[in-house]
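Undergrad: Take the sequences, apply the hints, and build the full model.
2 protein chains.
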Amino acid sequence: MQADIITIGDELLIGQTINTNAAWIGQQLSLSGIAIGRSTTISDGKQEILDCFSEALNRSELVIVTGGLGPTKDDITKQTLCEYFGTELELKQDVLVRIEEFFAKRGKEMLPSNYQQAELPKSCIVLDNFVGTASGMWFEKDGRILVSIPGVPYEMKALMTEEVLPRALAYFSVKGMYHQTLMTQGIGESFLAQKIEDWENRIYADGLALAYLPSPGVVKLRLTSKKGVEDAERIDRYFRELEEAYPNYVYGRNGVSIFEVVGQLLREKRQTLSTVESCTGGGISAAFVAQPGASDFLQGGIVSYSNEVKELEVGVYSATLAQFGAVSEQTVVEMALGGQRKFKTDYCIAVSGIAGPDGGTEEKPVGLVWCAVAHPIGVVAKKFQFGTDRGRNLEMTTLAAANVLRRVILSIE
Amino acid sequence: MQADIITIGDELLIGQTINTNAAWIGQQLSLSGIAIGRSTTISDGKQEILDCFSEALNRSELVIVTGGLGPTKDDITKQTLCEYFGTELELKQDVLVRIEEFFAKRGKEMLPSNYQQAELPKSCIVLDNFVGTASGMWFEKDGRILVSIPGVPYEMKALMTEEVLPRALAYFSVKGMYHQTLMTQGIGESFLAQKIEDWENRIYADGLALAYLPSPGVVKLRLTSKKGVEDAERIDRYFRELEEAYPNYVYGRNGVSIFEVVGQLLREKRQTLSTVESCTGGGISAAFVAQPGASDFLQGGIVSYSNEVKELEVGVYSATLAQFGAVSEQTVVEMALGGQRKFKTDYCIAVSGIAGPDGGTEEKPVGLVWCAVAHPIGVVAKKFQFGTDRGRNLEMTTLAAANVLRRVILSIE
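Read top to bottom, the protein sequences are chains A and B. Residues in the first sequence are numbered consecutively from 2, following my numbering. Residues in the second sequence are numbered consecutively from 2, following my numbering.
Honestly, I wouldn't trust all of these hints.
It does not matter which identical chain is meant; a pair holds if it fits inside one copy or across any two.
What the hints assert, rightly or not - Distance condition first, Cα-Cα at most 25 angstroms in a straight line; then the derived DMTMM-like pairs of lysine to aspartate or glutamate:
no., residue 1, residue 2
1, 106, 347
2, 383, 312
3, 142, 163
4, 345, 309
5, 227, 11
6, 106, 269
7, 384, 414
8, 221, 234
Hint data in this document are derived by calculation from the structure and do not stem from the laboratory.
TA: Printed below as a string of structure tokens:
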């Protein structure tokens, strides 16, 4: 069986809004084991909607429609649904009660258009929306299903997760798939694939599916079983193999950020962190601060963008800067030790690099980054060579620095 | 006339890649005055591609197809194009030369699949790709046009901008539209609309179109003229009215970032900047560093996440912290002055706030942020009340702080 996705809205067609809904729905369907036929974006004209419904139901057993259900413009989609399925609108008393409660809870006044949101097609199954006022609608025709849900992303996601997906899996007797994701940092997709070739072959021989999901600095591995949750333990065992073999790269599971992982390690050990950042200009500490509760471990940091600040604030020797330069092992080591001393923290991360686009030399090209981590009994330094794009270099440096710290905390070579 | 967009690729259907290409193409077409019929995403099966070509050319005068042209998988799209347009592949000598130069310049070896990229349909006009190896193809059939271009975003954008759009505007005799954008910070969409109501009415009476493009912390105003570039001066005059009336909100034009604007001001005045950040944890200095050449003005900064660092490193009095708390006018003023003194800079930005989700009180709720800017002859402080979302609060604080500094530099009340 396969599904079609229809997204309604001029703002999508003219690119004012990027169609993240279609991507998210495609991902969820595909993760549930349902193939996707087509994904179509249309304007909210009646004939266009009718045509698109016919074409999609002709092609696919399940059609998911989002958009065109807001209080100001729901008439056309709902009326068109009525016309297509040969039914009419009726006031659904229980939906009205739910909408009234929704407004009462928020102390807001209901507008006439909100009352109309309780009028829904007679022949559909209403899918309750507990995070908004536009209900979902589930229609059946000749054994095929068309579902209409609102386009507001968090309402769409709630209805998909709680109503549409479970109902669709049951209706079409699709056995949901089971997934887990392993997070890696510091190794490219192709190098990783080379390292884990044998493991990967065993995965396939065992009937599991593997996907590499790369993004700058992080590659996720997703294992999928068609047998569903009964394979949970088997997948867990496969991932544990990689966790044990490559603890330097593997930092967590299922979408966790490396800053969260490191923050949690520091929290558990009741240890503290400071930063001394040159090229990233505060981006590393900001990444830790992006998570709630960073004050449990983060004391503070220095943005030592100029050499003067490196000397006066962090205590880097001017002789070190003169002899080895700002982007060098010697300088980042002094930066890390200076930050650790200044902030009296267990750990201090220091980075210095040439982010680009200018400032590179033959000996020290754009993309060269030195990172040091001072720890309770010493200091380690690592050298990285990233690419030529400034933004990407800063992002990669931030992630790599967090991983150096993680490895130092866990004593991973 | 209208255009259809077809994006080919399983990674788009299953949501592994968000379809930013369709959004960007829709935006460019719409900005050029070409309406969009449908946007369809399909897998790269031959029959599916053929069907979709027919349907789209049936509906729209112009069809833009992206994807399916990489060196590893271009066969199917190119072969399918040949079948659809009744032509065959031939080796294009000039394209081969261009591909060979492309590889020579990068010192990389050509693979057999790269040679095949010089084989293109006989009947098409080849659109030269100077940033990659897959050429664009322009087909004509019964006065309608189908264009096939690669899906790699920067290759797609280069071909769209340099080849497809100019050719399409000429072919269909569409007069390109003219746009300019005005950037505002620190005022919400509806408040802004209220303030500029009269101006907006004059805009409409004058036959221009206005769009509000809101994002967290920044609202862009886009003015569009159907008469094309001849209206450039008129639009400029309208924008100058707003620049003069609301210099506190309006910070630039056409997509410029506020950090770039402030950086440029500092560069011109040869003045320097430092930061003392609490809640943003380094995010403000990192935002300045994201642009090349930040070392021209940024000396350094302190991430004063703990009170201890505020006292020891920035010289905030413990009495101030005890009496007024870390999130107060008094504390941020001492932070800004302390940073200015420490780093010997002309300006210092300091922020302290409650980013959430926890830590709010009735008196100081989540979202409260104080920002101070020390300048050569004093210090100013501003209070902000943002929302409940931590990530959004940090983003809003970073933008607002840059705007406070901009206003201080330009002496705008």
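Undergrad: Confirm or reject each hint.
TA: We went through each hint and held it up to the structure:
no.: 1; hint: 106 / 347; verdict: neither (46 angstroms within a copy, 49 angstroms between copies)
no.: 2; hint: 383 / 312; verdict: within (21 angstroms within a copy, 33 angstroms between copies)
no.: 3; hint: 142 / 163; verdict: within (22 angstroms within a copy, 48 angstroms between copies)
no.: 4; hint: 345 / 309; verdict: both (22 angstroms within a copy, 11 angstroms between copies)
no.: 5; hint: 227 / 11; verdict: between (37 angstroms within a copy, 19 angstroms between copies)
no.: 6; hint: 106 / 269; verdict: neither (37 angstroms within a copy, 52 angstroms between copies)
no.: 7; hint: 384 / 414; verdict: within (14 angstroms within a copy, 47 angstroms between copies)
no.: 8; hint: 221 / 234; verdict: within (19 angstroms within a copy, 51 angstroms between copies)
Of the numbered hints given earlier, the model fails hints 1, 6; all others are met.
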